[in-house]
Amino acid sequence: MFKYHLKEVIPFPKWIKNSIIIIVKEGDKIEKNVVHVSMPPTLEAKSYQALWVFGNHIRVSSVEKHLTTHDTGVTTIFEHECMSGPNYHRLVVAKLECVGWFEDILELNYRVLSLVLLYN
Numbered sequence: 001m002f003k004y005h006l007k008e009v010i011p012f013p014k015w016i017k018n019s020i021i022i023i024v025k026e027g028d029k030i031e032k033n034v035v036h037v038s039m040p041p042t043l044e045a046k047s048y049q050a051l052w053v054f055g056n057h058i059r060v061s062s063v064e065k066h067l068t069t070h071d072t073g074v075t076t077i078f079e080h081e082c083m084s085g086p087n088y089h090r091l092v093v094a095k096l097e098c099v100g101w102f103e104d105i106l107e108l109n110y111r112v113l114s115l116v117l118l119y120n
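Going by the working numbering, the final residue of the sequence shown carries number 120, and the count climbs one at a time with no gaps.
Hints in this document: simulated from the structure, not taken from any laboratory.
Certain hints may be false.
[As the list claims (entries may be wrong)] Ranges between beta-carbon positions, derived for each pair:
#1 Q49 to I21: 38 to 48 Å
#2 K17 to L106: 17 to 27 Å
#3 W52 to K25: 17 to 27 Å
#4 S114 to V93: 37 to 47 Å
From a predicted model like this one, the values you see are computed outputs, not experimental measurements.
Glycine included, C-beta positions come from ideal geometry on N, C-alpha and C.
Start from the sequences, fold in the hints, and give me the full structure.
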């Protein structure tokens, strides 16, 4: 069961559409990428077993099941801009620590751009 204060959080698809409407009404410009991500992706996603990102080779854990030593672990800190709260429009840079391994690497297609998700 969710805690009471979490019930008030608007689901992401509804929140982003409402935010875009507010920004347009205020006369501010929106980056095209934000508009594209606000629409649902295509129904098919691509799955990968490995990925090169920022000079690091990331592999999913299932690739190395048969090996004695493993090189799929990830220890890193990602910097990510996010909203400071559900009712705030101010961006805050958050440092997200990731320790572990990834089960899947998914690529979602938003027709004009692609978004890669690392699932652990």
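Taking the hints in turn, this is what the structure says about them:
1. Look at Q49 against I21: about 40 Å separates their beta carbons, and that is inside 38 to 48 Å.
2. K17 and L106 have their C-beta atoms about 23 Å apart, which keeps the hinted 17 to 27 Å range intact.
3. Distance hint check: the CB atoms of W52 and K25 are about 41 Å apart, inconsistent with the given range 17 to 27 Å.
4. At about 24 Å, the beta-carbon gap between S114 and V93 misses the expected band of 37 to 47 Å.
Of the numbered hints listed earlier, those contradicted by the structure are 3, 4.
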